[in-house]
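**Q** Chains A and B supply the protein sequences, listed in that same order.
Start counting the first sequence at 1; every next residue gets the next number (the numbering used here).
Start counting the second sequence at 1; every next residue gets the next number (the numbering used here).
Fair warning: there could be bad hints in the mix.
[Unchecked claim] One-sided and incomplete, this derived list gives chain A residues near chain B with beta-carbon spacing under 7 Å:
| id | residue |
| --- | --- |
| 1 | V39 |
| 2 | A42 |
| 3 | M46 |
| 4 | G67 |
| 5 | K120 |
| 6 | P122 |
| 7 | T125 |
| 8 | G216 |
| 9 | P220 |
| 10 | P240 |
| 11 | R241 |
| 12 | I242 |
If you're looking for bench data, these hints aren't it; they were derived computationally from the structure.
Ideal Cβ positions, reconstructed from N, Cα and C, are used throughout, including at glycine.
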Amino acid sequence: MFQAKFRSDILKGIVDVVSTLIDEAKFKIGDNGIQLKAVDPAHVAMIDLTLSKDAFDQYSATETDLGLDLEKLKEVIRLSRSGDMIEMRQDEERGRLVVMVGNVTRRMNLVSTEGMSDPKVPNLTLPARITVTVDELQRGIKAAESISDHVALNANVEGFEMVSDGDTDSVSLKLPKALLVDLQCSESIRSLFPMDYFSTIIKAIPSGTNVSINLGNDLPVRLDFDIAGGKGSVRYLLAPRIEND
Amino acid sequence: MQGFAPLPLDPQTFTTSNKGRSSLCHICKGSKNLCGKDRCPLMVKFYSYTKTKRLIDTQDLHGSSPPGVFVGRYGYPKVDIGPLVPPDLGDTLIMDTPEQWMGKSMDEIVDFRFRLVRGKHLVDVKDFQNGGRIVDFTRELALSVNSVDVEARFSKKPSGRIVLDDNIQPFGPSAKLEKLSITNPKYDHKVEKAYYDTDLKAAEAVKGLYKNEVLISRIQKAFSVGAFGIEQNRRLVPTRWSITAVDDLLGKDLLRSTKTFPLINEFRVYDWDQLDNRWSVMLTPTSWRYELIEAWYPNTVWNPAGRQVEIISSHEFFDGRKDYAEIGGCYYAARLAVNELLQRERRQSGAVIFREAHPGYLLPVGVWNVRENVRMALTQRPRKFNTLDQAMAYVQTRMDIPISTWTYHSEVLKDLKHQRRIDDYV
Chain A
1 MFQAKFRSDI LKGIVDVVST LIDEAKFKIG DNGIQLKAVD PAHVAMIDLT
51 LSKDAFDQYS ATETDLGLDL EKLKEVIRLS RSGDMIEMRQ DEERGRLVVM
101 VGNVTRRMNL VSTEGMSDPK VPNLTLPARI TVTVDELQRG IKAAESISDH
151 VALNANVEGF EMVSDGDTDS VSLKLPKALL VDLQCSESIR SLFPMDYFST
201 IIKAIPSGTN VSINLGNDLP VRLDFDIAGG KGSVRYLLAP RIEND
Chain B
1 MQGFAPLPLD PQTFTTSNKG RSSLCHICKG SKNLCGKDRC PLMVKFYSYT
51 KTKRLIDTQD LHGSSPPGVF VGRYGYPKVD IGPLVPPDLG DTLIMDTPEQ
101 WMGKSMDEIV DFRFRLVRGK HLVDVKDFQN GGRIVDFTRE LALSVNSVDV
151 EARFSKKPSG RIVLDDNIQP FGPSAKLEKL SITNPKYDHK VEKAYYDTDL
201 KAAEAVKGLY KNEVLISRIQ KAFSVGAFGI EQNRRLVPTR WSITAVDDLL
251 GKDLLRSTKT FPLINEFRVY DWDQLDNRWS VMLTPTSWRY ELIEAWYPNT
301 VWNPAGRQVE IISSHEFFDG RKDYAEIGGC YYAARLAVNE LLQRERRQSG
351 AVIFREAHPG YLLPVGVWNV RENVRMALTQ RPRKFNTLDQ AMAYVQTRMD
401 IPISTWTYHS EVLKDLKHQR RIDDYV
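Next up, chain A with everything else stripped away, as it sits in the complex (with noise of 0.2 Å):
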């Protein structure tokens, strides 16, 4: 059994980050808030979402899995200003989802959740943790985008440096300690990431939210943030590169 009641910037919150690895997601709703964890179609990277019940206005479940059709989400919140209410109930004979938006009412059929797969979570050890706005990540994207498909992720006691290097021009977003929210780092870090997926989920964080970036040396990335205001938080998981030969 699932109802809720909650604003629809925090649906759209939820939407945007999960949407830029999968199409289709399995929702854990428990009694206490909401779980997703995903692998994109490659198995390069994963999201890992909890949002607690404070972050909805009414919250009412019992234990269930709700299969959802991305993409009809996003149709939903597109009907809907900011600071909207949205209401949504499970239709358990009928196997939908009931939403309501104002005086619109949509009833979505559910997707199978039977080969959706609950993706183990690596347990990874990162030496480096570099906060920052997004904002400064997302002007390093857009530098960069257009010059390689690979991007490289550097940090040391000094600071962290993101590095995208082409055939012919290369891009470096230099930020040093002072402009980091937080730096912890003892030694020299490097990893390389592909750009469309850092590029897809780095534009998916809204603007203003501090990251938190977990760096190994040819390690995945992990990228740690609050959503909800602080009622949830989503781990990003991002496989590297590795240049051998």
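Fit chain B to the supplied structure of chain A, relying on the hints for placement.
**A** Frame of chain A; chain B shown alone:
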């Protein structure tokens, strides 16, 4: 097919002298005039040779159409359409049924294709429903299952221009039609049903017929004469475009469910050799991604003047591609063939197709060659491997071109080699 007198084919006739420089021909494939000349010198050389070898020297041709039709693309939306007719009577079905050409030699294929005279009649692609008897008869031929006796009267004797193209099967000389009559067409019932259903969308018609096991060459033929679709949307589609339209449409349709199937568990390599082409199809235990890499040796069709092997490739990752594949219609033909295997097994995988075209591959014989060869490769028993390196080491034993070169030209192989997965860290 017995009894067709062979056309003498000397390999040297069709290759230009080695000019000692790399050429653009393997990219252009005779269609884009990349060399800057008005007409493709390779083609011209070939035409001039064949002009002297006229098979057909008459204004009145009586023969059995396989059945075969051709819709031209030059001058679109005003195009030449008409039947393909050989000077032979009887069952000529094989002449326009590429699905039956596997195992035939280059000489055999070229021999019977060059006997097909193309009748031409200029018509607008949209305004063809009342295009007259020639258009009606051409459509009836395209919908027929059996060879159909045809009497054609041309305004001039067919001229010896023989069409060679990377996408379409070659065919012989052509001439303007003055009069056309046909006897005893027998419709393919499934195709006929789609033809009379004027509320059925063309894409649905194509998918439905394919599921009902109608040959792709037959679907494509009917598609080209505007036999499918909602009535007011029907139009003629140039043969070249209709081949790729059907391959693309069917491949995309299969892919929608292929992408939901569980992954295969190992790397596999399927091998096949034909017409001096070496094929290896590698399937990878990953989500869908696909690449076709072709290596053209010097003195092959699309690399006549080169000193070195020319390699070109096109690829897509899970989300597919938006622009037309650099490599051409063969990309879509092979993609369909790979998806047919994955559908049979209800499994998902990635696919990288390696093709080495060696110098015995003299003449372009059409996209069917790629589709049928990849289909054939995928009916062989695959070799299975645990790692990409093992699979590539095996491919190396089959191919002359080094793995490093293949990888350099392959986005999918590079990604497999360099990009880690989340699962690697669990």
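**Q** Confirm or reject each hint.
**A** So, going through the hints one by one against the coordinates:
no.	hint	in the structure
1	V39	5 Å, holds
2	A42	5 Å, holds
3	M46	5 Å, holds
4	G67	13 Å, violated
5	K120	5 Å, holds
6	P122	4 Å, holds
7	T125	11 Å, violated
8	G216	10 Å, violated
9	P220	6 Å, holds
10	P240	5 Å, holds
11	R241	5 Å, holds
12	I242	6 Å, holds
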